[in-house]
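Q: On the provided structure of chain A, position chains B and C as indicated by the hints.
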Amino acid sequence: MTDLALSRTASLRDWLLSDRPQSRAQARLGRAYMTWLRFAANRLALVGLVILVALVAVAALAGVIAPHSPTAGDLGGARLLPPLSPGYLLGTDDQGRDILSRLIYGARLTLTVVVLVAILTAPVGLLIGTVAGYAGGILDGVLMRVTDIFLAFPKLVLALALVAALGPGIENAVIAIALTSWPPYARMARAETLAVRHADYISAVQLMGASPARIVFHHVMPMCLSSLIVRVTLDMAGIILIAAGLGFLGLGAQPPAPEWGAMIASGRRFILDQWWVATMPGMAILIVSLGFNLVGDGLRDALDPRESGR
Amino acid sequence: MSPTLVSGASRTGLRIPARVSRIGFATLRFAAVVVTTFLGLLAVTFFIGRVIPVDPVLAVLGDRAPASAIEKAREAMGLNLPVWQQFLLYVRQALAGDFGTSVLTTRPVMEDIARVFPATIELATLGTLIGTALGIPLGVLAAVKRGTLADQTVRVIGLVGYSVPIFWLALLGLLLFYAKLGWIGYPGRIGIAYEYSFTSTTGLFLFDALRQGDLEVALDVFRHIILPAGLLGSFSMAYISRMTRSFMLTELGQEYIIAARAKGLSESRIIWFHALRNAAVPLVTVIALSYANLLEGSVLTETVFSWPGLGLYITNSLQNADMNAVLGGTIIIGATFIGLNLLSDLLYRTLDPRTRAR
Amino acid sequence: MTPLLQVEDLRVSYATRTGLVEAVRGVSFTLGRERLGIVGESGSGKSQTGRAIMGLTPPQAQISAKTLRFGDIDLLTAPPKLRRNLRGGRIAMVLQDPKYSLNPVMTIGRQIVETLRTHARVSRAEARQRALEMLAAVQIRDPERVFDLHPHEVSGGMGQRVMIAMMLVANPELLIADEPTSALDVTVQLEVLSILDRLVGERGMGLIFVSHDLRLVSSFCDRVLVMYAGRVVEEIAASDLSRAKHPYTRGLLDCVPTLGTHRHPLPVLDRKPEWRL
Numbered sequence: 017m018t019d020l021a022l023s024r025t026a027s028l029r030d031w032l033l034s035d036r037p038q039s040r041a042q043a044r045l046g047r048a049y050m051t052w053l054r055f056a057a058n059r060l061a062l063v064g065l066v067i068l069v070a071l072v073a074v075a076a077l078a079g080v081i082a083p084h085s086p087t088a089g090d091l092g093g094a095r096l097l098p099p100l101s102p103g104y105l106l107g108t109d110d111q112g113r114d115i116l117s118r119l120i121y122g123a124r125l126t127l128t129v130v131v132l133v134a135i136l137t138a139p140v141g142l143l144i145g146t147v148a149g150y151a152g153g154i155l156d157g158v159l160m161r162v163t164d165i166f167l168a169f170p171k172l173v174l175a176l177a178l179v180a181a182l183g184p185g186i187e188n189a190v191i192a193i194a195l196t197s198w199p200p201y202a203r204m205a206r207a208e209t210l211a212v213r214h215a216d217y218i219s220a221v222q223l224m225g226a227s228p229a230r231i232v233f234h235h236v237m238p239m240c241l242s243s244l245i246v247r248v249t250l251d252m253a254g255i256i257l258i259a260a261g262l263g264f265l266g267l268g269a270q271p272p273a274p275e276w277g278a279m280i281a282s283g284r285r286f287i288l289d290q291w292w293v294a295t296m297p298g299m300a301i302l303i304v305s306l307g308f309n310l311v312g313d314g315l316r317d318a319l320d321p322r323e324s325g326r
Numbered sequence: 084m085s086p087t088l089v090s091g092a093s094r095t096g097l098r099i100p101a102r103v104s105r106i107g108f109a110t111l112r113f114a115a116v117v118v119t120t121f122l123g124l125l126a127v128t129f130f131i132g133r134v135i136p137v138d139p140v141l142a143v144l145g146d147r148a149p150a151s152a153i154e155k156a157r158e159a160m161g162l163n164l165p166v167w168q169q170f171l172l173y174v175r176q177a178l179a180g181d182f183g184t185s186v187l188t189t190r191p192v193m194e195d196i197a198r199v200f201p202a203t204i205e206l207a208t209l210g211t212l213i214g215t216a217l218g219i220p221l222g223v224l225a226a227v228k229r230g231t232l233a234d235q236t237v238r239v240i241g242l243v244g245y246s247v248p249i250f251w252l253a254l255l256g257l258l259l260f261y262a263k264l265g266w267i268g269y270p271g272r273i274g275i276a277y278e279y280s281f282t283s284t285t286g287l288f289l290f291d292a293l294r295q296g297d298l299e300v301a302l303d304v305f306r307h308i309i310l311p312a313g314l315l316g317s318f319s320m321a322y323i324s325r326m327t328r329s330f331m332l333t334e335l336g337q338e339y340i341i342a343a344r345a346k347g348l349s350e351s352r353i354i355w356f357h358a359l360r361n362a363a364v365p366l367v368t369v370i371a372l373s374y375a376n377l378l379e380g381s382v383l384t385e386t387v388f389s390w391p392g393l394g395l396y397i398t399n400s401l402q403n404a405d406m407n408a409v410l411g412g413t414i415i416i417g418a419t420f421i422g423l424n425l426l427s428d429l430l431y432r433t434l435d436p437r438t439r440a441r
Numbered sequence: 019m020t021p022l023l024q025v026e027d028l029r030v031s032y033a034t035r036t037g038l039v040e041a042v043r044g045v046s047f048t049l050g051r052e053r054l055g056i057v058g059e060s061g062s063g064k065s066q067t068g069r070a071i072m073g074l075t076p077p078q079a080q081i082s083a084k085t086l087r088f089g090d091i092d093l094l095t096a097p098p099k100l101r102r103n104l105r106g107g108r109i110a111m112v113l114q115d116p117k118y119s120l121n122p123v124m125t126i127g128r129q130i131v132e133t134l135r136t137h138a139r140v141s142r143a144e145a146r147q148r149a150l151e152m153l154a155a156v157q158i159r160d161p162e163r164v165f166d167l168h169p170h171e172v173s174g175g176m177g178q179r180v181m182i183a184m185m186l187v188a189n190p191e192l193l194i195a196d197e198p199t200s201a202l203d204v205t206v207q208l209e210v211l212s213i214l215d216r217l218v219g220e221r222g223m224g225l226i227f228v229s230h231d232l233r234l235v236s237s238f239c240d241r242v243l244v245m246y247a248g249r250v251v252e253e254i255a256a257s258d259l260s261r262a263k264h265p266y267t268r269g270l271l272d273c274v275p276t277l278g279t280h281r282h283p284l285p286v287l288d289r290k291p292e293w294r295l
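First to last, the protein sequences are chains A, B and C.
By our numbering, the letter at position 176 of the first sequence is numbered 192, and the numbering carries on one by one without gaps.
By our numbering, the letter at position 332 of the second sequence is numbered 415, and the numbering carries on one by one without gaps.
By our numbering, the letter at position 161 of the third sequence is numbered 179, and the numbering carries on one by one without gaps.
Next comes chain A alone, as it looks inside the complex (with noise of 0.2 Å):
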């Protein structure tokens, strides 16, 4: 039986790695698992990927995993617990909350902000930067405008102002984030644009008749994509350290919500004798940073081997 599971795995392995594909699905999946390979050949963005999935694996199953409730502690009995005491993992802070539940509904939150903001900004940018390189001209010219003022601005200062206005919150918390991310975006699609406009596919494109919005969504935005997906993945990082600096300012998502950075801030006053109540939400905030950070890197790696190792 392992011997024909082995066989099966094997051709399987071989249809994939086929170099005269039969379907454009094998083509498509055959490149897709020539990236993988290359993507797990490189350890640490294993790594990485495996705190994205425990990540969103511990948001999914929050209230199935979490022992004791995010919001309400015991005031009584279990104020400022240090780590490994009965029944609290990482301790507690000093409503008597149990500090591994609440990072755990946390993990909610933070995953919450990163989704939102992906799916504010990456659109936004690809559309603004491939039309913009597409259509060139003033077009183009007012676009990168906009595009380089926004580029121009310090975001967490621009985030923290806009919050000001618009009230703290969660929510403005994401749309500040979003109004500071796209930009990076439209500057790259529009720089991949440019080198794919005059190649001769899109010629043949052109001369087949194609509308320019059919080019743009469907021949230019494509080879886009790759870079693009890179870029969020290592975004994503720097925006849960924003948000997490939002929340540290109390800016952020309002208590009692579990969010990391405002579990910093309350600890914060108990830094000297309670250390953990601080530092246990900063290690999630790291951890889960660098996981974006890893998984970024190593699908830079696989996506562009030109630019390998740099």
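Don't read these hints as lab results, they were simulated from the structure.
Backbone N, C-alpha and C define an ideal beta-carbon position, used for all residues, glycine too.
Honestly, I wouldn't trust all of these hints.
To be verified - Derived CB-CB ranges, DEER-like:
no., chain 1, residue 1, chain 2, residue 2, range
1, A, Pro83, B, Trp167, 57 to 67 Å
2, A, Leu53, C, Glu220, 53 to 63 Å
3, A, Ser85, B, Glu154, 44 to 54 Å
4, B, Lys228, C, Leu287, 38 to 48 Å
5, B, Ala126, A, Arg40, 40 to 50 Å
A: Then chains B and C, alone, in the frame of chain A:
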């Protein structure tokens, strides 16, 4: 750039006027970019301060202000005018350095900023110096020893540096070096013992203390600044070492490196002189960018260290809903960003002979 | 008298994932103060041979030979420091494209002076003087002006003359020219070649001229090595080239169109696997 055209120009000397006008054109274009970017910055802060809030006066003065003050502010902000005239007024005031009055300090925002900004400049400058001094050698080492353990280590240091929340690391640093070891001073820029006897003329404490030759004060100031500056520096180190590595790998793969070896130059001269001198051209932009990032990073760092700079000023104002101060600080940091971009572009031009002719 | 360069059974190989790849497989020749041409297609190992003599192969390359001697010096056992002193001092090399092989951020003058001061104890003023003389020797009309220019400010032909000046300023005995004219316009090629020819003749240097252009090499060199797949398939005096025996050499010769004859179809270069052996 076509080489024949350029050499033609230099050989005959006839096209030099065209070259001058090209430089003039580039400068003009660049000035236009700077101006539009600055106007864009003001447009955004205008939007945040005047358009988003339901009542901008209330946002600026708070709801406990007397009616007469509210009417006066409404007049001064031109809120009775159409929006585009309001914006023109806003730009004119901003260019004159008038960002309104801070509710918190009851002083003009510009005055406050002028007082606190040097503290931030001192912190970010020292941070960038530390980051550059460590980052460039590390990046060069990683590129030269590509694929080895040293390279991997630098890579991991860089990735961790990109992933650490700075305010958290600052707290841990404070816990270790201040509370447990007692090596550093906290809070602020200078110990209480010297606070009133020491006068700083430039606002840069370390610089002033050294200039006055007062080593005791200088040491105390140093003990206060070293941890925040070192933290900011380690972030800039992560960024600079990574970029240095990438640029050096590009340069070390060039033909002129082989030519330099064929000339019999020593490996250290090839690396540190030939390759690094070429990598330095894009690195200047990176260092300017990292300086800008540190100005921003200082917002969070200063909060932790109670460092009386622009970052702490902005966050304090935020807590007190002092919009004028927040936006004034934003404009100043944004303007510094634009200035740094300008500076890096000029440096790029002087460092790369190929852009000088253009 | 010992020959300038003795090469016997030189091999250059690279370890790759699929095993050892030999770029050069047992090349042997001796060189006096003469002009030797090495001809072959790209990938034939001709450039690798030149680089191995210079000691400029990448670190992962493995080099072996029965003999690799420069004058009295055994290059195989020579310490790195000695080899470095040889490079630029006694063996020099001209690379293909001056656009990439000159340091873009250094002035031309400094790059020439750098070679000289690496190998000879001379004062700044004297180094400058000799660099200017060298620029004049490669027929640059206004050396004083060119001295202060950056590489991007000169044309390709002038850039290659600068390259030659930079490599010859320390008076080497052997020059390896790796496709020195391939990146240049045809009109400039002959100009650069004649300068190279005169300097090599005047200074009594040995020259290894690496090129893919058999005609060019035969008009310029005394002797020609034809390489194929890392091996020398034929060694022949340039004057005897029309009597070349090896089919590969004949193929290379026939590839060049000649005036007055009309040939259709154009001949395609024959590559027989047994020549690899």
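Q: Are the hints correct? Go through all of them and say.
A: For each hint, the structure was consulted:
1. Pro83/A to Trp167/B: 57 to 67 Å: Since the Cβ atoms of proline 83/A and tryptophan 167/B sit about 59 Å apart, the hinted range of 57 to 67 Å holds.
2. Leu53/A to Glu220/C: 53 to 63 Å: With Cβ atoms ~58 Å apart, the hint holds.
3. Ser85/A to Glu154/B: 44 to 54 Å: holds, 51 Å
4. Lys228/B to Leu287/C: 38 to 48 Å: holds, 43 Å
5. Ala126/B to Arg40/A: 40 to 50 Å: Since the Cβ atoms of alanine 126/B and arginine 40/A sit about 48 Å apart, the hinted range of 40 to 50 Å holds.
In this structure, every one of the numbered hints holds.
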